[in-house]
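Colleague: Residue numbers (our numbering), protein chains in the order written: chain A, 1 to 262; chain B, 1001 to 1397.
The reader is advised that the hints may include incorrect statements.
Distance condition first, Cα-Cα at most 30 Å in a straight line; then the derived DSS-like pairs of lysine-lysine [as the list claims (entries may be wrong)]:
#, chain 1, residue 1, chain 2, residue 2
1, A, K33, B, K1029
2, B, K1067, B, K1016
3, B, K1271, B, K1067
4, B, K1389, B, K1362
5, B, K1390, A, K169
6, B, K1370, A, K255
7, A, K228, B, K1003
8, A, K228, B, K1236
9, B, K1016, A, K228
10, B, K1067, A, K255
11, B, K1071, B, K1254
12, B, K1370, A, K251
13, A, K228, B, K1254
14, A, K260, B, K1003
15, A, K193, A, K180
16, A, K228, A, K2
17, A, K260, B, K1395
No lab work stands behind these hints, which were simulated from the structure alone.
Each chain, written out:
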Amino acid sequence: MKIFVCIKQVPESNKVEVDPVTGVLKRDGAASKMNPYDLYNLETALRIREEVGGSIHVITMGPPQAEQVIREAFAMGADEGTLLSDRRFGGADVLATSYTLAQGIKSCGDFDLILCGKQTTDGDTAQVGPEISEWLNIPSVADVVQICKIEKDGITVNMDLPGEVEVAKVQFPCLLAVNKDIFQPRLPSYIKKLETKERRIQILSLDDMPDKDETHYGLNGSPTQVQKIFPPEANDKKEVWEDSSEVLAEKLFDKIVEMKFA
Amino acid sequence: MAKLIVHQEKITDNQKLIEVCPFGAMEEKEGKVTINAACKMCRLCVKKGPQGAVEYVEDEVREEINKDEWKGIAVYVDHVDGVIHPVTYELLGKARELAAVTGHPVYALFMGKNISERSRELQHYGADKIFVYDEPELDRFKIEPYTAVFEDFINRIKPSSVLVGATTVGRQLAPRVAARMRTGLTADCTVLQMNENTDLSQIRPAFGGNIMAHIKTPYHRPQMATVRYKIMNAPKRMEQESGEIVNCTIGREKLKANVEVLDIVLKEKEKFIENSDVLVVAGRGVKKQEDLNMLHRLAELLGGQLACTRPMAEAGWMDAKYQIGLSGRTVRPKLIITCGVSGSVQFAAGMNHSENIFAINKDAKAPIFKTAHYCMVGDLYEVIPQLIKKVEEKKGA
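Model the full assembly from the supplied sequences, consistent with the hints where possible.
Modeller: Below is the structure:
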């Protein structure tokens, strides 16, 4: 089984502030880490490999320092790693990001399974996985909470729905986006870290992609445009109600209705 | 190709310019400032750097689409086995508001199996046309046939904007459709506004809600957005039926799926209090164990759960798994109503990040009022029964 695992480097903390006057994004240092949700898809890949054998190829898009998350994946047990890095990939939205990842996967060869995390902690969209599956023309299932059975032709999984769990069999090749807590992720191993210290990480730029049309990548390949960013309204409200119980009940009821809970 | 060009001669202080970039995408190489792959093209360096030091050039004009060819706002009807998810009505209400700006029609897209009868309910929510694809292959959500139907609908109707509920299905279907149509999609919008030129202003939180982003899709159609349940206001159901039901068909070959639904298992009802959007909390102000029934009833009416403080768990009135606080669970619901809770530091630490905190306590000096957003000085035995009555009346109406 050849498995691709999509991972991303995200800021260590998502505590960002926007200067309300200048609109400049202020971030707490430049520390970064692997997207916490990606620990679960990587762990899922490791469990599948333990069960049926095969190899795990992690892939990410980002600046040169995103190599770190590939090293971390090696220390957890991944076999190969590819970093898609090019200035021309900058400013990519969901469409351009998913296209770049799909092109990157294509240029690495055939696969049976692609695993994505639920979402990232910086973008929070949960859309890149399903879009990759469209570019590669393969079936996909998101919100996977359990791997039930792995067969030659496909994989049976549980998909989480609000009131029920759907058991579905998906034909290979396919893409799964797994939820948090599907498995307990293992810690990186120090021994593996040392063993893989010299392992080569493949770095691909736009010129290595099957499609070399610059208008399909980065800002140019992104239909959505950020007009501006601004700080959210803070919930620092404080109201003290010292009324009769009738009035209190009335006010509480009105607020609950306003907030759509009744 | 849009790009950034660095004019070295206009830079007065390299380090100062490098610090402008929030993504650390600028670096100094052999005395020259260069931009690396970490660049997000936010163009802050253009705006905030020394005048003219970084230039943004777009030397190729984007292909303009003819926006007049794309008319209407379409809403995807989210459902499981024909039971329509209420987010659908909220989006239809929003679509009506947006359409009023441009004078466009509102469409509903309903796909599934044996749903024709159900589609009549949609006629009470103001859609001008309801497009129904009723096929046996569409019995459960499967990504490939559902995307094929969506594509067929968009190509046939050419809606300017498409709104999809951010449900389990919507969050998979919308991105797949957006990629197929090579268009933009904005997830979890909290504000949507229509401009006269039919561009949809989409506002959403990012970085875990720490910043808000205003997003547009100026050169592509349709413009797609997902919205979570209970973000937009639900419109009133109209007595009169309106709108036309249009039955559509699609070629069988497009409905093939590589996903097969084998079984559907109902989930156990019991949930962790951490997963609940609404919590009612019982504190020592509750005098007798049987009085918890009243609070249980309120929690049930609001679609939430009853939780408790440590003394309640220690008295054995409630199981410890419902206890909030440092020695219990940490919760972050959208709505929390504490009843007769004094609000120790240990308790507050387990719930002070809740979105909306209401506290009822007889003692105006209770510490819980330091944490609460709405401080109700009163007797829970008087307030709660009246509140329950009001909610019941509204539900019954």
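Colleague: Measure nothing beyond the straight line between the CA atoms of K228 (chain A) and K1236 (chain B); if it is 30 Å or shorter, mark the hint as holding.
Modeller: With Cα atoms ~34 Å apart, K228 (chain A) and K1236 (chain B) exceed 30 Å; violated.
Colleague: Is it true that the CA of K260 (chain A) sits at most 30 Å from the CA of K1395 (chain B)?
Modeller: holds, 12 Å
Colleague: Assess, step by step, whether the Cα of K193 (chain A) is no farther than 30 Å from the Cα of K180 (chain A), and give holds or violated.
Modeller: holds, 25 Å
Colleague: Has the given pair, K1067 (chain B) with K255 (chain A), been kept, meaning a C-alpha gap of at most 30 Å?
Modeller: Violated, at roughly 41 Å.
Colleague: Checking one constraint from the list: CA of K33 (chain A) to CA of K1029 (chain B), max 30 Å. Satisfied?
Modeller: Within the cut-off at roughly 25 Å; holds.
Colleague: Take a quick look at whether K1016 (chain B) and K228 (chain A) sit within 30 Å of each other, Cα to Cα.
Modeller: holds, 23 Å
Colleague: Quick one, are K1071 (chain B) and K1254 (chain B) close enough, alpha carbons at most 30 Å?
Modeller: Distance of about 25 Å is within 30 Å: holds.
Colleague: If you draw a straight line from the CA of K1067 (chain B) to the CA of K1016 (chain B), is it 30 Å or shorter?
Modeller: Roughly 43 Å between the alpha carbons, so the hint for K1067 (chain B) and K1016 (chain B) is violated.
Colleague: Is the hinted pair K228 (chain A) and K1254 (chain B) satisfied, with a Cα-Cα distance of at most 30 Å?
Modeller: This hinted pair is violated, its Cα atoms lying about 40 Å apart.
Colleague: Has the given pair, K260 (chain A) with K1003 (chain B), been kept, meaning a C-alpha gap of at most 30 Å?
Modeller: violated, 45 Å
Colleague: Check whether the Cα positions of K228 (chain A) and K1003 (chain B) lie no farther apart than 30 Å.
Modeller: OK: K228 (chain A) and K1003 (chain B) at ~19 Å, within 30 Å.
Colleague: If you draw a straight line from the CA of K1370 (chain B) to the CA of K255 (chain A), is it 30 Å or shorter?
Modeller: holds, 20 Å
In this structure, the hints that do not hold are numbers 2, 3, 5, 8, 10, 13, 14 and 16, in rising order.
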